[in-house]
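Work the whole structure out from these sequences, hints included.
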Amino acid sequence: MYTAEREMTENVLRISNVNTRKCMKCGKCSGACPAFDKMDIHPHQFVSMVEKGDIEGLMNSKTLWSCLSCFACVERCPRNVEPAKLIEAVRLSVIRKQGENRLKADDIPVLLDDELPQQAIVSAFRKFSK
Amino acid sequence: MIFSYYPGCTLKTKAKELDEYARKSAKVLGITLEELPDWQCCGAVYPLAQDEIATRLSSVRALVSAKDVDRDLVTLCSACHHVIKRVNHDMETNEDIRTKVNNYLELDEDYRGETNVVHYLELLRDVIGFDELRKKVINPLKGKKIGAYYGCLLLRPSKTMEFDNPENPTIMEDFIRAIGGDPVIYPYRNECCGGYIALNKKELTQERCNSIVASAIEKDADMLITACPLCMYNLDINSTEQKLPVYYFTELLAEALGVK
Amino acid sequence: MQKIGVFVCWCGSNIAATVDVKAVVDAVSHEPGVVYATDYQYMCSEGGQSQIRQAIKDFGLTGIVVCSCSPRMHESTFRKTAISAGLNPYMVEIANIREQCSWIHKDREDATEKAIILARTAVAKLNLNRPLTPGESPVVKRALVIGGGIAGIQSALDIAEAGYEVDIVEKSPTIGGKMAQLDKTFPTLDCAACILTPKMVDAASNENINLYTYSEVEDVSGFVGNFTVKIRKKARSINADICSGCGVCTEKCPSRKAKDEFNMGLSNRGAIYIPFAQAIPNVPVIDREQCIKFKTGKCGLCEMNCPAGAIDFKQQDELVERQYGAIIVATGFKPISLENFDEFSYSQCPDVITSLELERIMNAAGPTKGKLLRPSDNTPPRTMVFVQCVGSRDTSGCGKTYCSKICCMYTAKHAMLIKEKYPDIDVHVFYIDVRTPGKNFDEFYRRAVEEYGVNYIKGMVGKVAERNGKLLVQGSDLLADDQIIIEADMVVLATAIEPDESARNLATMLTASIDTNDFFTEAHPKLRPVESPTAGVYLSGVCQGPKDIPETVAQASAAAAKVIGLLAKDKLRSNPCVASSNEMLCNGCSTCENVCPYGAISYVSKEIRSAGKMEVRRVAEVNEAICQGCGACTVVCPSGAMDLKGFTNKQIMAEVDAICR
Ligand SMILES: Cc1cc2nc3c(=O)[nH]c(=O)nc-3n(C[C@H](O)[C@H](O)[C@H](O)COP(=O)(O)OP(=O)(O)OC[C@H]3O[C@@H](n4cnc5c(N)ncnc54)[C@H](O)[C@@H]3O)c2cc1C
Ligand code: SF4
Ligand code: SF4
Ligand code: SF4
Ligand code: SF4
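Residue numbers (my numbering), protein chains in the order written: chain Y, 1 to 130; chain D, 1001 to 1260; chain E, 2001 to 2661.
Please keep in mind that the hints were generated in silico from the structure rather than gathered at the bench.
Among the hints, erroneous ones may be present.
Partial selection, computed: residues in chain E whose CB lies under 8 Å from chain D [as the list claims (entries may be wrong)]:
1. E2343
2. Q2348
3. R2467
Owing to the predicted nature of the structure, the values given are computational and were not obtained by experimental measurement.
Idealized CB from N, CA, C, for every residue including glycine.
Below, the structure written as C-alpha cells:
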C-alpha cells in the first residue's frame, strides 16, 4: 500500500473505531440494509474495501450519500463490526476537505416545503456538509 | 415528581403539538417537566466519528445542566433522545471522548455520564407505569386500531439505547393498550422511514414510507403514531401510494387523558 | 548426605540452541550433594535412559535431577528409569529448562543463567527428598452414566458388555435424548428411531444396566475408584412395578393444555403422559403442575381407569445413595433460545420454526403425522427458506461464538428430504459457509444441490417479515451482489446449540471443569479427549462440544473403554504426596478440617508425651486415600503441624533459597 493510501485507511479506522478484521463476510448487513438498491458499494463490501485500504474508491462511491444511518447493519451484525461507522468515517474524509460540501445553504430553499421539520435540515447538513 | 426536560428545536417550531400535549399530559399524571434553561440544539444526528468533539458539546451541556439540579433528563423527540443518550454513553465509557470534552468545557467537576436519560415513553412505562396510566384515562380510544411506528433511533443500537427489544419492541403497543386503543403489530414498524435522505434522495424515502404504510394497512391499522417529527413528516408527505393518518403519541395520550 | 546425579538434556536443538548445556553441567557439579553431572542429546531416548541407569549403579546415586522438558511430559518416564535401577521414584526431580526456559527466551546468556538456577533449585530440593511409597485404594466395580441420550446409552452398553454394572441417571421420563426426536439422520438417511430404539431396548434389558429415569444427581463425594453419589428419583406418581404401560390413563386425562416437550411444543399432551410410543421405560408420569387432581383435589380419572391400579398420587421423591468407581458425563445439549434474534420473526410468526421443530413436523409420529404442513394454517408450503448459522459464530453478545458444527449437515438433510418427498417445493438455503468435513459429508451436501436442485445462496438473512400470510425473507445474495426477497411459506432456522442447563451445577458437584460456554473441558484437547481433568470422571457426547451422532458414539465408546480400563483394576495406587500432621505440634484447632475440599481430615484423641508427662490431646489425622495433595491445610495450619509429603515446607524454602542465592 502506498503511504498516502495507508494514511487514509488508518485515519478511517481511527475515527470510526472499527476493527474491520472482525468481519466474517456473512452479508447480514447488506441483507438488512434498507438503502441497498441506492448503493454501488454495499455495506459488507464497504467493510472489505476499508480492510483492503481502498479508501479512494470509497470516497467516490454513491453509498456515502445513500446511507440512512438507520443502524440496521450495526444492530444485526453478528460480529459487532458497525459498518455504518465506516461509512460515516469515509464520508467525513470527503466533506472535511475544502469545497467538498454536498449540501450548500443555497440548495436548501428549493428543497423546503411547509411541513419539513428543522430536524431534517440540521441532520442533512450534519451528514453532508462541514 | 420533577424531571429536567429537553424539548429540542423541532418541538419549538414544526412539532409544537408533540411538546404541548406531552406537557399537558404530564401535568395530569403528576409529573413536572422543568425545561432546561438555555439548552441548545443537539445536532439531530449522533456524531458517529470518534474525533467529533464540538458536535457532542451541546448534548453534554444539557446533561450537565440536569446533573447540576440532580434530576433525570426527559427527552421526547426520538432524534434528540438518540443523540443525548449516546453522547451520555460516550461520556460514561469512552475515555478519550470524555477527557477531550471535559478539557474543553472546564467544568467544576468532570462529567462522567452520571445523568439518567429517560424518554417520555420510558417515563410512562417505568416511572408512572402503564397500569397507573390506564386508571387516569377518561376517554379511552376504544376501537381505534393504532400502529406504533418506532423507526430506528429509539431502538438502535440496542446495546446503548437499552429501550426495548430492537426487533420486536412492545413499549408503544403497551402504551396503546393503556390508553384504550388496539395496537396493530406490523413487521415494518422498526424499519427506517428514510430520515434525512428525504432531502437528497426523495424516491428512497418514498419507497421506504410506502412499504411501511402498506405493511401497517395490511395488518388493518387505521392510524400510525410516532415520537419523531421527521418520521411524522416522511410517513405523512412521502407515502405516495397509500395513506394513513399519523399522530404524535402525545396527542393520543392527551386525548385519552381528556386534556387535548 | 545424598549422592545426586544431574542429567542435562539437549532435546535436540530445542534446549541446546538457547541454553549452553555444558555450562549447566559445569555449574551444577559444584552444588552440594552432586557427585555426577552430564549432558546428552535426548535424555528420554533408550540411550539416555541407560546412561542414567548406569550412573545410578556406578556412583551409587540416591537421587537424580533431570534438566529437560516439562514434568507433564516425561516425569513418569524418568521415574520408571529410576525404578528399574532400584531407585525410589520419588527421588527424581525434573528441572523444566525447555517450556519454562529455552522456548521462552531468546538470549543465550540469560537462558543459560536461568537453566542453572532451575537446576540448582531442583538439587536443593532433592537434598531433602525422602523415598515415598504410594498407598492403595480399592475400586468399586460399577460405573455411573449421567444423561441417557445416545452418548450415555452407548457408553453404558459398552461398559455392561465388558461385564461391569452401570447405572444411567436420566432427568427426563425416558432415555433416548435428542436423537429420539429426530426423523432421519445424515449421512445415510436411516430413520433415527429404527437405529436408536433397539439400543434403548438393549439398555433396558441388559442385566448389568440399571436405569434411573426421571432422576437427578444431587450430590457427589469421594474420589476416583470410590465415588458416593446421591440420586433423587423424582416421584412419577405411578407405581412402575405394576404399571403395564397400557396407556389408558393418558387417553382419559382431561387436562390437555401442556405443551408436548417431545414435539417441541407443536402439540399438546395430557397431565399424565408417556413422552413417545417407544419410550423407555414405557411408564407414564404425572406432570403435577398440570394435573387437575394436584391443583384442585378433584379428577382422579386416570386412577379410576387404570386396570393395574398403578396410579399413586402420594408417591414421594426417593433418595438413593450408591457407590461408583467411575462417572461418565453425557448430559448433551439444547437449542438456544431465539429471543435475541427477533429479526427472523420466530416469536412472531408460527411458520418460522427451528430445525428441531422441523424434525418433529417431518416425523411420522409427530404433530402432523409426518405431513409437511405450516403450523399457522396446516397448509402445505410451496416455498421454504432455510437460514444457517442462526445464533452461531456470533461475537456480538447475542449468540454463541462457536460453530455449532451439526447444522450445515442437518440443513442439507432437511432440504434433501423435503425435495425427495415433495419435488415441487422450492427450497432455498442461506449460508455463510457450508462446513461439511467428514466421511461422505461433502458428497451428501453436493447431492442436495446437484441431484435435488436445492438452491444454496451465499449470504445471510437480514429480516423476515410477514405479509398476507407469506414470509418475506430479505437477505443478501453475495455472489450475485444483490439483496433479494424470497416470498416463503415457511422459514427454518438452523439454531445454535448449547450445553444442557444443568452442566454448570453438575460440574461443580463433580469438581470437573467447564469452559466459558459451559461445555465440559477435556483433560487434554488432543491426547485425552474423553477424560475430564478430574480423575475418574469421563466425557461423552455433546456435553463436551458440538458433534453429530457418529462422533458422539465414537466418543461414547472411547469413554467406556477408559472406564473399563479403570474398573478392571482391583486397586488404584494413590499419590503418596499427601498431607500428614505432626501430632506433637497439632493443637486440634480444626482449621485444616474446615479448609480441606475433599473431607480428608478428621480428629482423634491421642495420648501424647509432652514435657515428660502423658496427656490426651485432640489431633488431626489425614485419610491418605482421600487426600489429593492440594496442600490447602499446610498453608492454614497455625502451628505448622501440617506438611505435604514430597513438598515439605522445608523443601519449598530450600528451593526459594536456591533461586535467591
Ligand atoms: C435439528 C437437529 C438435527 C440433527 N440431525 C442429526 C443427523 O441427522 N445426524 C447426526 O449424526 N446428528 C444429528 N444431530 C445431532 C444429534 O442430535 C446429537 O449428536 C446427539 O443427539 C448427541 O447426543 P448426546 O447423548 O450427546 O446428547 P442428548 O441427545 O442431548 O442427550 C442428553 C441426555 O442427557 C439428559 N440430561 C441432561 N442433563 C442431565 C442431568 N443433569 N442429569 C440427568 N440427565 C441429564 C437429557 O435429558 C438427554 O436425555 C441433529 C441435531 C439437531 C439439533
Ligand atoms: S454483518 Fe458484520 S460480519 Fe457480516 S458482512 Fe456485515 S460487517 Fe461483516
Ligand atoms: S446504517 Fe446505512 S449502511 Fe447500515 S443498514 Fe442503514 S442505510 Fe444501510
Ligand atoms: S388426575 Fe391428573 S393425571 Fe389423572 S386424569 Fe386427572 S388430570 Fe390427568
Ligand atoms: S455448522 Fe454450518 S450452519 Fe452450523 S454454525 Fe457451523 S457453519 Fe453455521
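Status of the R2467 (chain E) interface restraint (C-beta, 8 Å, chain D) = holds (6 Å)
Proposed interface contact between Q2348 (chain E) and chain D, which counts if any beta carbon pair is under 8 Å | At about 6 Å, which falls below the 8 Å cut-off, the nearest Cβ of chain D leaves the hint on Q2348 (chain E) intact, so it holds.
Interface hint status, E2343 (chain E) versus chain D (Cβ within 8 Å) = holds (5 Å)
Hint check: no violations occur; every hint is consistent with the structure.
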